[in-house]
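Knowing the structure of chain A, use the given hints to seat chains B, C and D on it.
Protein chains in written order, with numbering that gives the first Met the number 0: chain A, 0 to 482; chain B, 0 to 482; chain C, 0 to 482; chain D, 0 to 482.
Keep in mind the hints are simulated off the structure, nothing from the lab.
None of the values given here were measured: they were computed from a predicted structure.
Among these hints, one or two may not hold up.
[Claimed, not checked] Pairs of lysine-lysine, DSSO-like flavour, derived with a Cα cap of 27 Å:
hint, chain 1, residue 1, chain 2, residue 2
1, D, Lys153, C, Lys328
2, B, Lys158, D, Lys475
3, D, Lys475, C, Lys411
4, B, Lys475, C, Lys475
5, B, Lys411, A, Lys158
6, C, Lys475, B, Lys411
7, B, Lys475, A, Lys411
There are 4 protein chains.
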Amino acid sequence: MPLKTGDEYIHSIAALDLEANVLGQRSGGLADHGLIRPSLQAVAVTYDCAHDDATRALFRAHSPLVDAEVNRFTHLHQSADDLVAKVLMQRHCGNRTGCCFQRCVGMDAANAVYSVTYECDQAHGSDYHRRFCEYWAGVQREDLVVDGAMTDPKGDRGKRPSEQADPDLYLRIVERRADGLVVRGAKFHQTGMLNSHEILVMPTLALRPGEEDWAVCFAVPTDAPGVRYVLGRQASDTRKLENNLLDVGNPTFGGQEVLTVFDDVFVPAERVFLDGEVDFSGPLVERFAAYHRQSYGGCKVGVGDVLIGATALIAEMNGVARASHVRDKIVEMIHLNETLFACGVACSARGQPTAAGNYLVDLLLANVCKLNVTRFPYEMARLATDVAGGLLGTLPAARELDDPEVGPYVRKYLAAAEGWAVVDRMKVLRLIENLVAGAGAVAYLIESMHGAGSPMAQRIMIGRQGDLDGKVGLVKRILGIGD
Amino acid sequence: MPLKTGDEYIHSIAALDLEANVLGQRSGGLADHGLIRPSLQAVAVTYDCAHDDATRALFRAHSPLVDAEVNRFTHLHQSADDLVAKVLMQRHCGNRTGCCFQRCVGMDAANAVYSVTYECDQAHGSDYHRRFCEYWAGVQREDLVVDGAMTDPKGDRGKRPSEQADPDLYLRIVERRADGLVVRGAKFHQTGMLNSHEILVMPTLALRPGEEDWAVCFAVPTDAPGVRYVLGRQASDTRKLENNLLDVGNPTFGGQEVLTVFDDVFVPAERVFLDGEVDFSGPLVERFAAYHRQSYGGCKVGVGDVLIGATALIAEMNGVARASHVRDKIVEMIHLNETLFACGVACSARGQPTAAGNYLVDLLLANVCKLNVTRFPYEMARLATDVAGGLLGTLPAARELDDPEVGPYVRKYLAAAEGWAVVDRMKVLRLIENLVAGAGAVAYLIESMHGAGSPMAQRIMIGRQGDLDGKVGLVKRILGIGD
Amino acid sequence: MPLKTGDEYIHSIAALDLEANVLGQRSGGLADHGLIRPSLQAVAVTYDCAHDDATRALFRAHSPLVDAEVNRFTHLHQSADDLVAKVLMQRHCGNRTGCCFQRCVGMDAANAVYSVTYECDQAHGSDYHRRFCEYWAGVQREDLVVDGAMTDPKGDRGKRPSEQADPDLYLRIVERRADGLVVRGAKFHQTGMLNSHEILVMPTLALRPGEEDWAVCFAVPTDAPGVRYVLGRQASDTRKLENNLLDVGNPTFGGQEVLTVFDDVFVPAERVFLDGEVDFSGPLVERFAAYHRQSYGGCKVGVGDVLIGATALIAEMNGVARASHVRDKIVEMIHLNETLFACGVACSARGQPTAAGNYLVDLLLANVCKLNVTRFPYEMARLATDVAGGLLGTLPAARELDDPEVGPYVRKYLAAAEGWAVVDRMKVLRLIENLVAGAGAVAYLIESMHGAGSPMAQRIMIGRQGDLDGKVGLVKRILGIGD
Amino acid sequence: MPLKTGDEYIHSIAALDLEANVLGQRSGGLADHGLIRPSLQAVAVTYDCAHDDATRALFRAHSPLVDAEVNRFTHLHQSADDLVAKVLMQRHCGNRTGCCFQRCVGMDAANAVYSVTYECDQAHGSDYHRRFCEYWAGVQREDLVVDGAMTDPKGDRGKRPSEQADPDLYLRIVERRADGLVVRGAKFHQTGMLNSHEILVMPTLALRPGEEDWAVCFAVPTDAPGVRYVLGRQASDTRKLENNLLDVGNPTFGGQEVLTVFDDVFVPAERVFLDGEVDFSGPLVERFAAYHRQSYGGCKVGVGDVLIGATALIAEMNGVARASHVRDKIVEMIHLNETLFACGVACSARGQPTAAGNYLVDLLLANVCKLNVTRFPYEMARLATDVAGGLLGTLPAARELDDPEVGPYVRKYLAAAEGWAVVDRMKVLRLIENLVAGAGAVAYLIESMHGAGSPMAQRIMIGRQGDLDGKVGLVKRILGIGD
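The shape of chain A in the complex, shown without the other chains:
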């Protein structure tokens, strides 16, 4: 089966005919909905790049699972080079879309589930790995988008799942049948849920004995009965519903965040990949997180490139591109962005094979990568704001341009460096606004903070992986202590 094109992908999603609550209304026809369409267009880029000559090689890989060439977004990494290629591919997608392109989370989930099910089977004699391999072979053959779903609502953060006032605040098994499971709960922050074919659900934390009902991993199609969707709001989201898309900032591409509810959803046994093995919930969370923390060393860097480019362009349009302090701020942005990239590359290049055979990133460096992602995009946004100027917060609506009376004034007074059209200057300002204080900031700033785990999660892992005892040992040797 040949790899899909972007158009084929969009049709395949439209054909699912999903429904969701959007701004308080039950809505269908989502593939054409102004708030959703940009997110499909972003995902479509991940398909089209597998056909473009310039990127085809990077976006394809040979999968031993199906013994065929697959889109790398469905690939199980076979080498450290594959891990590096993943980061390069993600940076390219960020470059093309200027936003979150939403297809990484499934790839990261699959690579984690693949190795963890293998090890679980070894330990418990379960049959999850075979099931998952068959399931994933189908995903590769049909070139699907899979949403990896991890984050539970969590209720009171100070309490365990079973201590919550409502046990559903962590997604759980409410019934075990011969032919499968019934699950109930919700997943928060589901980026790209409504442009996906499948959902791959994982637990949200390392569980303990007695918490077997929450230790569940499984897949269902997005149109499975009992699954409900509520769209999250993004800053300035309704600009996407206005006639003039200039004010959106990014006129073509965008992201999407969905609260997904599982209201007693049935999961056939063949699609269950963990059921009560609490000892493997921790490794699953840790590995998915590590892969996804690596991802941010590619995707956010790609968006960062766009922000840097927009900053350089607005400096040119404002007539200040040659000022030394402006150049210096842009150099600083590049420096920060490339530091993130270096972390993404390094945790990939230092990847190691798992027992199951696919490759896992270096855990320490992947966490270091993500912790930097919780910092540098913020400073880059601040620097972009500095260079762009105050119009970032005070620019009139694009619609004013069409007003016969006011339009000419807007054009007259927004004119800046020679050779640039006012409307293009407005476009660049709106793109920067999109990323630093608009819909794009959801992915570029808020998701950079919390996606793939909040900073404290990375700090805990860094403390655990940093081999502090080994470092103390170095000191004792140099100082002759404890000989």
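Same frame as chain A, but now just chains B, C and D:
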């Protein structure tokens, strides 16, 4: 004439019956317009506080100009204590509104114009100071809001006013008549223009001989013929037009940014305070900037208090208030916010009298204050985002709560620490979103960067005021160099 | 009795004929000892400035205690203006010496003891305040240097005084006699002990019931029987003993750190100011710390001025003073330094009277001041290192200049921008080295971190003083929560 | 010829019988001189590790040049894996020595000269590459230490070499003979010169036509006639000459900085690798710098591990290891250190072959690596200072321990957490002092700033390599500008 109440103020603005272009449409009834009303409500607080027992003393001052008690927002500072009181008053307003309350700029402009016209008269034998005193006495007596207007469009930043393709890109005198001037141009980033009674226009940079037409300072009422307004867009602005104001974040108060066009506006001679004296344009810009940079050590600190409070409250609601890393982040926010306050207080306490008799802040410390304002609110926003969690970017619309089918799911899964209502948790999340990536971010982040001058302007002043030669002298003395 | 001159002060210390262990040897004649002399010279500046016309007014104050003019370093602050004057005086001393001038700690201790003894007497009917007033009147009249001694060794930081393996690890009363106390223990980090006339000892932490033996405050002369001194080492300290002082960096002034042991020292009753009142140990620590945290907003700023001047001078000598990035780094140094100054001024200007009548700084802002001091001097040192160049770490010894063979090479190759002597360039490099990685770094960096309490101590106070409940209240009011 | 052991290396250096000016005195017997010996011991580790079983594989590589196994410190990198191995090897050496081990610069110089001579020969028909290959084959076979010498004195930084008052301020050819060249000038900051067998000299900047006399690259043995050495001073250097080495901090290993003068030194033609080809001076500087900027992603990380270990150990000894803020600071140190490592790995993993066949690091990422090195070690030093406590600046001399009277007091009052000897606590404090404010700070802080080029040099390269035009192109594509 007694000081106005907030209600009286709102009626007085409504009575002006101003018109403006709003989202591409010529609109009247602005005092009741959803996009404008919150900004009037914010200004109204500056009036009501002069009547509340708890704040009356702080918000009033005796003005020698009219020999009566005036609202401190119209006061000409008579001492360093007055300068400190100004900062305290601003912090309080920020505390009450959680936004920019827009009345400072006129106060800062007046204090600058007052001393500069005095010195100009001494140097040039002009009559500006008397004119301004009479004008301002009227403002004090009628307790008006005056918008200080400084920022020109500037066109190509690399060129002087006269070198621009269009000379109007810096506001200028196009005709000098016996009875007054005719001016043309525009002012950008006019915070609070549509809730003001008066506009006090100043030049935007230090002018040179040959640039006399741009060296103009004057006042006109906001309803003067030939003045036109175009409202700027803010992130998520149209949420203010939705039925459920919860999603706005700050349901009552807000700011407003206006592109103001002067289309051959006539200014009577009695309202002209500078006309061609290029040598006083620089001092005017510098002093206004210094006062306004001091202001940010009060108002942004006041909003910062609200952001800190919201962060502490959401931590409580999320059940993480006792985690050491959460407490530490909140302490860091307080530390940064109080450092800004310290700068605001210090440049006030070190204030000195001008030749005209009113008090001017310490120029070096006022610039240091503002330069910190271009940094710390960004870090505070980042820390707030960290503590608040990912819902900041993925929370469903408030309207979902009313949906009979989906509302219960939203309530069920957004439940967190015991004792807190879901709707209150949503309110706090939306308030934080408002400040870090919504309409409030225009004032709290973008204006913190560019308001009262971009960071490079502060760096230039710091370099100039930092007495580097004196510091080199200290070293030579200690080392015995050049004896 | 007239205020002492610097020379008179030095003679008065020499007359005490103190002994100390220095580099492993019991040593006398300390006032002429190469390692100690620079610290006396630094203190002497605090005396001479009270006689110089330019600084006389700033360095003197009228003391109601003795109804006479005293050196401000012995003054009990009578107003917020006095608190501001203190900071200005400290900045000036830093400017003159380029190092810690060591006389602040006694002034800060006295102001704390003065108000706390008053309140203790009110609460407990004790007689400490009268005793202290009489004692301090003597200090003022004789214009003495008093070393405030707070920091106990503390042993295992995780344990209370009484839980330590050795109870002496916190200084304590070992015997209570009719005529006084016998104390045992030690004080660490005693800056300027060997150039002081008196020691004013305070407890190191807030004590609890049952810990009465550690709740002791008293004064003894530095030559009291049973007091022993061990000099601490500083980076590059022995360069002060070489023939050519150029390599010291600061050829005239320096600091001194002393481990002071109290080996069963007798304290007459009239010199005891706290004896078992555990409830007043906390306030005493807190107030002394607050005053001393304010001090750093003056003294470190003064040294910072010298570092900035040296950085500007070496840039000039290197021929890079006009490079935009160099200018920008120097502006950044000024900005950071003035932010510290702003904090010092602000906590002073917001000072309030105590029940005893002297003035106390704003506790919150004083802690904010010090927390910034634990950060900014480090960044300033980094920037100075950047501008100064690699010679900072590789410069040959000054003695090479005198070598007939090698001296000419050193002069030839160290020549830089025209008009500057090589020896002067070396002096400036060594001064910067002194402050960023030499003896001066002890005061400018390490003491900036730990003096007046380590950063965590400030964070705890900021958390406590930051009125978080009040801030949460602001949010509830804006959002209408809990109405 | 078998690879040398550390002892054989030390004997081979001692056999050279070099002389140098040390603290103003012409000195021989350097291999046993207290100020020099530690630097030989550090280099010896690079030899011994090639024999230790645990590290043998990492420290050896097969060299096609001599078709034999060589010490990796003399290797010409044959793959990206080789580049990564280099970084791992450097980190290990930093771990073992806790200081700069000084052997990298020759390896980095050789790899740069190898590829540049190849390209120069292609362009100019010169014969440099063959000469260099023969020269370097000898280095590999004899397992020598080569000091790469780049930094000229530079005189007035604002002037070109020929504009200097003294043309020798940039090392230059003063005579061209049939059999070779005569050169004059000096090289600053020569780390590890006096423990090297050979010097490989390169120009210090990109030269222009007319500056042919400065475009020179060559090698001479360290005992060549006319080469003179003057040792640079380091903070606390003379502690190495005291009896008790505890106060040194790092008792065994250290670095060395040497001003090296070339007083009309003759260079035989076979050892000349560039002579007037100004167009290849730029690439040579750029490549050497890139390799050396990569190096810092290994060596400084290795020393950083030691600093982290020492900080963790002193926290344990102080009894505060379990405090959450202490743990958090140590996690932050690990995070910063691993970010540097990630940059070192990434620029290696992205390495590419040169025309000559050896591998070159990614230029952009290598500069990003180094720019981070100019920042993070400073923050790590600050955090270490925070955790270690004030004793870092006030600890008495080790010799006091032996004093019968004072020793017992020192032991009594320096006792801290149970189970740790006072002398060991002092050792750890002195090691931290060594790195943050002592001799080790020369390499860990000052060299981190300026070694391999000052930060501005990296910023220029980042600006040049950052493909800003490409980034602007991304924006134009997304926004449809310029279609």
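Hints, one by one, checked against the model:
| no. | hint | in the structure |
| --- | --- | --- |
| 1 | Lys153/D - Lys328/C | holds, 21 Å |
| 2 | Lys158/B - Lys475/D | holds, 26 Å |
| 3 | Lys475/D - Lys411/C | violated, 55 Å |
| 4 | Lys475/B - Lys475/C | violated, 57 Å |
| 5 | Lys411/B - Lys158/A | holds, 17 Å |
| 6 | Lys475/C - Lys411/B | holds, 23 Å |
| 7 | Lys475/B - Lys411/A | violated, 55 Å |
Violation of the numbered hints given earlier is confined to hints 3, 4 and 7; the remaining hints are satisfied by the structure.
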